[in-house]
Amino acid sequence: MIKALVIDDELYAREELIDLLHDTGEVDVIGSCNNAIEGLKKINTLKPDVIFLDIQMPQITGIEMLSMLDPDTMPKVVFVTAYDEYALKAFEDNAFDYLLKPVETCRLAKTIKRLKKECQEQDYSPLVSEMLELIPCSGHNRILLLAAADIETAYSDLTGVHIVTKDTKATTQLTLKVLEEKTPLIRCHRQYLIHPQAIREIKLLENGLAEITTQYGYQIPVSRRYLKELKDRFGLN
Amino acid sequence: MAMELIFSLLQQLSVYLVIAYLLSKTPLFMPITTVSGRLSQRFSCYILFTLFCILGTYFGLHIEDAIANTRAIGAVMGGLLGGPLVGFAVGLTGGMHRYSMGGFTDVACAISTTVEGLIGGLMHSYFVRRGQSDQIFKPFTVFTVTLVAEIVQMFIILMVAEPFDKALHLVSAIALPMVIANSVGAGLFMSIIQDRKTIYEKYSAAFSSRALKIAQRSVGIMSQGFNEESTKEIAKIVYEETGVGAVAITDREKILAFIGIGDDHHLPGTPISSGYTRRAIDGCELVYADGYDIPYCCSLHQKCRLGSALVIPLVGGNNEVLGTIKLYEPKRKLFSTVNLTLGEGIAKLLSNQILTGRYAQQQALLTQAELRLLQAQVNPHFLFNALNTINAVVRRDPDKARQLIQHLSQFFRRNLKQNIETVTLEEELQHINAYLEIELARFSDRLNVDICVSPELLNIKLPTFTLQPLVENAIKHGTSSLLENGKITLQGYCNKGCIVLEVEDNAGNYAPIGEESGLGMKIVDKRLKNMFGRQYGLTMSYQANEWTRATITIPADAQQPIHTNGTNGETAV
Chain A
1 MIKALVIDDE
11 LYAREELIDL
21 LHDTGEVDVI
31 GSCNNAIEGL
41 KKINTLKPDV
51 IFLDIQMPQI
61 TGIEMLSMLD
71 PDTMPKVVFV
81 TAYDEYALKA
91 FEDNAFDYLL
101 KPVETCRLAK
111 TIKRLKKECQ
121 EQDYSPLVSE
131 MLELIPCSGH
141 NRILLLAAAD
151 IETAYSDLTG
161 VHIVTKDTKA
171 TTQLTLKVLE
181 EKTPLIRCHR
191 QYLIHPQAIR
201 EIKLLENGLA
211 EITTQYGYQI
221 PVSRRYLKEL
231 KDRFGLN
Chain B
1 MAMELIFSLL
11 QQLSVYLVIA
21 YLLSKTPLFM
31 PITTVSGRLS
41 QRFSCYILFT
51 LFCILGTYFG
61 LHIEDAIANT
71 RAIGAVMGGL
81 LGGPLVGFAV
91 GLTGGMHRYS
101 MGGFTDVACA
111 ISTTVEGLIG
121 GLMHSYFVRR
131 GQSDQIFKPF
141 TVFTVTLVAE
151 IVQMFIILMV
161 AEPFDKALHL
171 VSAIALPMVI
181 ANSVGAGLFM
191 SIIQDRKTIY
201 EKYSAAFSSR
211 ALKIAQRSVG
221 IMSQGFNEES
231 TKEIAKIVYE
241 ETGVGAVAIT
251 DREKILAFIG
261 IGDDHHLPGT
271 PISSGYTRRA
281 IDGCELVYAD
291 GYDIPYCCSL
301 HQKCRLGSAL
311 VIPLVGGNNE
321 VLGTIKLYEP
331 KRKLFSTVNL
341 TLGEGIAKLL
351 SNQILTGRYA
361 QQQALLTQAE
371 LRLLQAQVNP
381 HFLFNALNTI
391 NAVVRRDPDK
401 ARQLIQHLSQ
411 FFRRNLKQNI
421 ETVTLEEELQ
431 HINAYLEIEL
441 ARFSDRLNVD
451 ICVSPELLNI
461 KLPTFTLQPL
471 VENAIKHGTS
481 SLLENGKITL
491 QGYCNKGCIV
501 LEVEDNAGNY
511 APIGEESGLG
521 MKIVDKRLKN
531 MFGRQYGLTM
541 SYQANEWTRA
551 TITIPADAQQ
561 PIHTNGTNGE
571 TAV
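Listed in order, the protein sequences are those of chains A and B. Residues in the first sequence are numbered consecutively from 1, following our numbering. Residues in the second sequence are numbered consecutively from 1, following our numbering.
Rather than coming from a laboratory, the hints here were simulated on the basis of the structure. We put the CB at the ideal spot given by N, CA and C, even for glycine. A portion of the hints provided could be inaccurate.
Incomplete in silico selection of chain B near chain A, CB under 8 Å [said to hold, decoys possible]:
| no. | residue |
| --- | --- |
| 1 | Asn385 |
| 2 | Thr389 |
| 3 | Val393 |
| 4 | Arg395 |
| 5 | Arg396 |
| 6 | Ala441 |
| 7 | Phe443 |
| 8 | Ser444 |
| 9 | Ser481 |
| 10 | Leu482 |
| 11 | Leu483 |
Just chain A, with the same shape it has in the complex (with noise of 0.2 Å):
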């Protein structure tokens, strides 16, 4: 069986291909949700196998989604819209796979068909963007659209990945690998990533360690191995 999760912001459209996989016998839908913000989550927590992505949904695009999510434990995607011209001819230029609302049974056949035989990887690189501008986060009861430039540091625990700005702190799905690659953050830690801006200053202890005091005033602790990248860097050798 394929591990399916459905990501689609309107309840009858999520239904109704919920209803279509479960007919095929050969997916397990193992989840659904109607927004990206609510997907990444989902993606981190279940491991689906394939994700059926619907583009226009508020917020983040599925699109835009795509670029948040980390290329080593990234699903397969099936993308699913009812007219996005633009987006067609990027599915149909990097031959992905795609489902034209309403579904028709027997694409979806074939579909399913592909998933099972697919095993290399896609390459999903023609659709994502490298640099993100906003970081979904969800904060006490809301989400919030971080800007990517207002982030003094990240740093990951047990609890996941956390994002920290001058006045906010929360908790965000994408990994620490996503963030260094597609913001300006850079490296210092094994858990933790610093913008080069917001560092006012590193201070040097025994055994090459070194911590940092961010512009607004976050000590964050640089081990051994980044402690050289972040010289070189700055020029300080």
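Place chain B on chain A using the hints.
Just chain B, lined up with the frame of chain A:
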């Protein structure tokens, strides 16, 4: 003896012509340069040429108890320029005057002068009847007519004056000098008039060409509307073509354009402060402060160099004043008459252009509105989404799907009918309801709509497609971006003698500038203004991330006194 007389007469003639030349510089001369046949022109002719007639007698040389003179010039020309009646009157007056001076030729001269005037007048009639009135102004014509008239005079003297011997002697002495002097004198006099006429015509030609140039250069500028950009261009053209010190154009409240001296403190966009301008607008009258009789003083700056102003109202349809155009001259310069006259013409031209521009804009607006209607009729995205929703619903809830199809067909049926100009609020609400049923199914788990309209408002008339685009906008650009709990409120109520219709969403995404929705909103606003007047229309307000509110204000009398049987307008969806 004869030669001597000729020279003396020509000498007298010179003085006579100098006076004529000097007079030609005065406005007194203007009427006689045309053959208009108007009473004023005839009167001027009579006065002027009677004076010349008498002058001719006084300047004459006394010979043998008679006077060799240039009286004939006045009589003949009076007749030629003023017609038979004037000619007769001039001749008679001049003749009576000569009679009063006595001598043995007194009666003969009185008769002959009258006859001369009459000859001139008859020639006038002859030329006018043949449509050759320009012949009158030819010096050669006058020369010939005077020549004939003088010969006739000589015969009359011979016939009338007693005794015949004395008369014959006199005529043989004065005939040649008088015939030559009068004919040449009349010819020269006419050439003075002709010069004057040419100068005047050149002046008018320059005037017309300037006016034409302004008209030509300003064509089409106003089609962009009566605003700062277009008026700036017009002001520049007027400024360049008239050469006045400064040009300003205002609307009813503020200066739209100012160019020339003093543009450092007369700034476009500032409210009108001059009392003259206010008077021109309020009284719909031309105000001319020449800086002499009526003092002009800049209301903005004490050291302003402008010393006189001409304010002309721009009058649109129904005598509504749209604004003013103002011409200024600096203190050291006077307004030229050309510019004073031209100013009014420019104002008329501008008014017409503004009206034409408005008409063109309305046409464009109509086309836009039609375009919008067309778009609305075939909105593929809406149809697609609706079909997808119905497709998704049909398996789980066939009854619901059937309802949705009914709403969809209702929506499209109404859309097809939207070529009519106005609908009642009730009809518009039904249309919105059909639309919302589809959208509510689509966003079922994250959209709520609350409609609350006072029942007495249901009969008011609105332009078609007024509220539905607002609701569509609130969903498309508002609540659809919310992850959950989208809410749209539609309210209708009376407030301070106005009817207010409000569509509010809880997204607060409204971007004041940009995208096609901006165009849609503009069209709604303009159509409301066209129907109800400028003070009404659509306004947008928003609180970022909180709400966006589209408010329509229309006059309370949009309400019709018809009452439907207790329709309940409080529809909750």
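Each hint tested on the structure:
This hint holds: asparagine 385 of chain B has a C-beta 7 Å from the nearest C-beta of chain A, less than the 8 Å allowed. Taking 8 Å as the C-beta contact cut-off toward chain A, the hint placing threonine 389 of chain B at the interface holds, the least distance being around 5 Å. Contact between valine 393 of chain B and chain A, as hinted, is supported at the beta carbon level, the nearest pair being about 5 Å apart and thus within 8 Å. Here the hint on arginine 395 of chain B is kept, as its CB sits about 6 Å from the closest CB of chain A, short of 8 Å.
The criterion of a C-beta within 8 Å of any C-beta in chain A is met by arginine 396 of chain B, whose closest approach is roughly 6 Å, and the hint holds. Annotation: interface hint on alanine 441 of chain B holds; nearest CB of chain A at approximately 7 Å, less than 8 Å. Here the hint on phenylalanine 443 of chain B is kept, as its CB sits about 7 Å from the closest CB of chain A, short of 8 Å. The restraint placing serine 444 of chain B at the interface with chain A holds, with a minimum CB-CB distance near 5 Å, inside the 8 Å limit.
A distance limit of 8 Å between C-beta atoms decides the matter here; for serine 481 of chain B the minimum to chain A is near 5 Å, and the interface restraint holds. Proximity of leucine 482 of chain B to chain A holds as hinted, the smallest CB-CB distance being about 6 Å (cut-off 8 Å). For the restraint placing leucine 483 of chain B at the interface with chain A, the shortest Cβ-Cβ distance is roughly 5 Å, inside the 8 Å limit, so the hint holds.
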